[in-house]
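Undergrad: Assemble the complex: chain L is given as a structure, and chain C must be docked to it using the hints.
Each chain, written out:
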Amino acid sequence: MKNVELTTIGFSEWRRQIAPLWGMESSSQLIQHTANGHGQMQYVGREQFRRVILFPIAAELEGRRIAWTSTYNISDEAVRVRGIYVLPEFRDRGIGHLMTNHALALWPAPWKRCFMYAWPANVARYERWGFAIAPGHEMRTEADGTEMVLMQKELRT
Amino acid sequence: MVRRLMMDGMPTSSGDPDCRFAMDAAAEFIAANIGEFGLLGTNNVVPNDCQRKLIPPCNQEFTRGNHFRFGFDGLEFGNRFSSSATYWVEYGRASRSHGGFLPELRRALAEIYDSYGPLSISNTGASLGRLLIATAKEMGLSVEQITVRIDGHRFPPHDESLPHRVRSIAWSEFEEFARSFASAFGCNDPWLAFEAVHGTVSDATNICSTAPVVLHNHNYNRNQGKEVGPPNWSFVDHEKFTAVNRWLLASGRRGVPHILRWSPELLAAQLDSLARRSRHDEAPDASPSRLTPARHDGRGHRRQSWTDAELGRKMDTLGLLLHAENPDCDTAHYYPIHRLLGRLDLEYGRHLGQVEALYGRVEG
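So the protein lines, in turn, are chains L and C.
Residues in the first sequence are numbered consecutively from -7, following the working numbering.
Residues in the second sequence are numbered consecutively from 212, following the working numbering.
Hints in this document: simulated from the structure, not taken from any laboratory.
Don't take each hint at face value.
Listed next, with one range per pair, are the computed distances between beta-carbon atoms [claimed, not checked]: (1) L:R83 <-> C:T253: 40 to 46 Å; (2) C:E287 <-> L:R8: 27 to 33 Å; (3) L:E54 <-> C:T528: 49 to 55 Å; (4) C:E272 <-> L:P80: 54 to 60 Å; (5) L:N93 <-> C:S383: 55 to 61 Å; (6) L:R83 <-> C:S308: 55 to 61 Å; (7) C:E558 <-> L:P80: 47 to 53 Å; (8) L:R120 <-> C:R524: 49 to 55 Å; (9) L:P12 <-> C:N434: 22 to 28 Å; (10) C:L532 <-> L:R83: 38 to 44 Å; (11) L:R8 <-> C:L313: 48 to 54 Å.
Idealized CB from N, CA, C, for every residue including glycine.
Looking at chain C on its own, in the form it has when it is part of the complex:
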C-alpha cells in the first residue's frame, strides 16, 4: 500500500540561528509524524513472528527500584516477540555522588540482603563471583556458594569457610536446558544458560556473576586491528544478558542477574574508576580490551572454560547451534557514553564532545 507522508506542521524556515526554535521545530515535526512513521507507528509496526510465551509482569527488584529497565519495542521486562523488535535499556539517574566501587558494592550487597534475606552466589569461577563471595564474607552476610558441576569436567574451587551447595548435571541434560532456555528467553550464549542453572540449586535469591560492564569504541575496527575514525564510545547492553531476568520471571524465582548495575551510583563508580578514567585518558583511541578492566571484563564468566579446554570447546559448539536456532536474539543497545554519563552526573573529559558535534544533539 502506498502511503502519503504527513507533512503537517513541518517548519518552512531554514537556517534559523535560534537553536531553541530548531529544537521546537524538530519536536513539532516528530509530533506530527510519530503516530504513523515512528518505529511503532502504523506504517512501521511489524507482526509478531516469534513463538515465545508471555512472561508474567515484573514483580521483583532486579536492581534497586528497578532503575535498570529493559524491553523489546513497547514491552517492558518482557520477551522478544518479533525478530526485528528493538531491544532497549534505560538507567536511572544517580541521586548522589558515588563513594567508590567497593563501598558501593558493599552497599549493594547490604541492600539486596535487607530485601531478600540469605543469598546464594554463583561460583562459576568468574572473577566477579569470587569478588562477591569475598565481599559478602567480609561483611558477615549469610551467603551460600553455588557450584554446578558438569559431569566429566573440572569445576572451580570454592571458599571452604562458607556454606557450599553443589549440583551435578550431565552434559546432555545441560545441553537440553540450554536449548530450551535459548528458545524460550532469547539467548544464544550457553554460559548464560549455565548461569541460570545455578539459580535452580537453592531457594535463596541468587546473585549472578555475569552481565559485565563494557564500553565499546565503534571506530575501533577489530577486523583491521586499528581505529577507522575518531573515538565513539558506547555503553553496551546485549539482550542475551537479560535472558536470565526473563527466565526468573517466568519460573517465579528470585535473582539478581546484574549486580554491577544494582544502583546508578554503583555503575557510576565503575565508570568513574581511576583505572577506567586513566586508561581512557591515556588511550582514547584504544581497543575495547585495553579500556575494560580485567576484573569486569566480558569474558569473566568464561573462566571455567580456561581451566577445562574441552568444556570450552563444547560450549563454543553449543553456542553455534543456539545461534543457528535463534538468530533473532543477538542484538545490543548502545548507549552513547556522553549521554549515560550525564545521567550519572559524571564527566569524562575532552574526547566525548566529538560524537555529539558529529551526530547531533538530542534535546532533554
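Chain L on its own, in the form it takes in the complex:
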C-alpha cells in the first residue's frame, strides 16, 4: 500500500496502542515485553536482558498510526512476531503483510525461522504470507476460550 510508513516506536506507546487487540485497553500496563506462555523463549534469567532484542513496530498513513506489531528473538536462530493489529477501517489492504515483512527483514542471517500464534480465522491469511502450521502442532484452547495455533516460516533456505 502506497504512502504507508513503517517505524519502530517506544514500547510504552506501542502497548498502549495495540491493547485493543487483546482487550486490554484499561490494563495495557500489564502487557509484557515478550510472551512466553508456551515456552518458546530459550533465553533464561538475566540473559534475556543481554540477548533479547525487541522491535515494537507501527504503520503510519499520512501521519496517522493505523497498525502495530512487534518482533523479538527467542534464541540466536529464531524470532517471533507477536501481535498483528490493523485498525478495522484499514484491513484487507495488505498492511499487516507489509508490516510483518518489514519486521522479519530486520533480522540478519543468523535468524532463520519465525514463529507466530494465529487465531483460526487468520490461519489461511498467514499461509498466504508463507507461514505454515508448525509440524506436529494443533489448535490449542486458552483459559479464556480463545483458540490459536503455532505457525512458522523459514526466513532463509
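TA: For chain C alone, kept in the frame of chain L given last:
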C-alpha cells in the same frame, strides 16, 4: 516518537554454513542494538507503576551461596516495581554428581543447621513439611514444629516427640495479613501468606514447606485435555513463590523458603529421580500431573484444605480477591529443561533435542 533502527554492524552475508560465523553475527547484531532495543533498552524501558517499597539488599543465604537467584528486570532479590517487569530466576551449576534425593536433603538440612543454628519447620500438613520434620528428627537436629491454627478450622497433627509451638489467629486477622502481604510483596496465593505467618511464630530460621519443583509441558493443553504439539518441557518458577523471600528481607527475619532448591545437587537429584525419569521415558507427552511425583507436587501446601473444606473455600475466595487487587504478580519464569539440565550436568535423553531444533540454539 518515531525511532530509527540501529542497523550498524548488521551482517550482510546469508546462508553461511559456518555456524560459528552465524553465532558471531548474532552476537554482533545484538551488541549493536541491545542498548536501545534490549528489554531494558532506551526504547523499551517502561516507567514504574507499582507502589511497592524498596526492599533491603539480600543479606542472608536463602539457598547455598544463593545459587538460586531471582528478580524483576535489573533488580535482584527485589520487589516488582513495574506491572510488566520481567520476572527471572537463575540457578547455579552443580559442582559434583548428586548423591540421590534423601542424602542431598540431609546434607541440605545439615548445612542450614550449621549456618543458622536451631531451626523451625512449618507444620502446614504439606507432605514436604512432614518429610522435613521426619528427616530432621532422624538426624537429631534441634528443630521446632510451627503450627498456625486459624480459629474455627482444623489444623494438621504434629510429631509429639518434637518441640511444637502454636499460634492461633482469627480469620479476619489472617485475611488482613494476606492482603497486606500480597500488596507489598506481590503474591495472590493466600496459602503463601499462610506460610509466611509460620515464620512469625519463632525467632528461629524457619524452613517453609512450599515452593515445589514442577515441570510443565507447554504442549499439553489442559483445556482440551490432550497434547497439541511435540513435548516441550520447562522448569517452572512462579514469582509468587519468592514473595516469602521478599517478606523475609523486608521484615529482617531469616528463613529458607525454597528448601528443594537449596543446592544445585539437591535440585539435580530431584530432576534425576528414578520416578521422574521413568515417568518421562514412559510418557513423554504426559500431562504435568502425571510427570510430577506427588511428594513434590504443587498442591502439597494445600493439604490442610483437603481436611477442612470450609477453609479451602475461604482460601479460594480470598485468592480471587488477591488476584483482583494484584493482577500484576501472576507471572512465571520458564526454564527450558534441556538448558537447566545442562547446568546440572544431567541428561534426560531422547525427547529434549526437539525443542532446541525447533526454537533454535542459544550460544553459551
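Undergrad: Work down the list of hints and note, for each, if the structure agrees.
TA: Hints versus structure:
Separation of R83 of chain L from T253 of chain C is about 32 Å and departs from the stated range, judged on CB atoms against 40 to 46 Å. Checking the proposed 27 to 33 Å range against E287 of chain C and R8 of chain L shows it holds: the Cβ atoms sit about 29 Å from each other. In this structure, E54 of chain L and T528 of chain C meet the distance hint of 49 to 55 Å, their C-beta atoms being roughly 52 Å apart. A hinted range of 54 to 60 Å for the beta carbons of E272 of chain C and P80 of chain L is consistent with their spacing of about 56 Å.
For N93 of chain L paired with S383 of chain C, a C-beta distance near 59 Å keeps the hint of 55 to 61 Å intact. Take R83 of chain L and S308 of chain C: their Cβ atoms lie about 59 Å apart, and the range 55 to 61 Å holds. Distance hint for E558 of chain C and P80 of chain L: a CB-CB separation of about 51 Å, consistent with the stated range 47 to 53 Å. Distance hint check for R120 of chain L and R524 of chain C: the Cβ-Cβ separation is about 51 Å, which falls inside the suggested range of 49 to 55 Å.
About 24 Å separates the C-beta atoms of P12 of chain L and N434 of chain C, a value consistent with the hinted range of 22 to 28 Å. Checked against the given bound of 38 to 44 Å, the beta carbons of L532 of chain C and R83 of chain L, roughly 40 Å apart, stay inside it. A beta carbon spacing of about 53 Å between R8 of chain L and L313 of chain C agrees with the range 48 to 54 Å that was offered as a hint.
When each numbered hint is compared with the structure, a violation occurs for hint 1 only.
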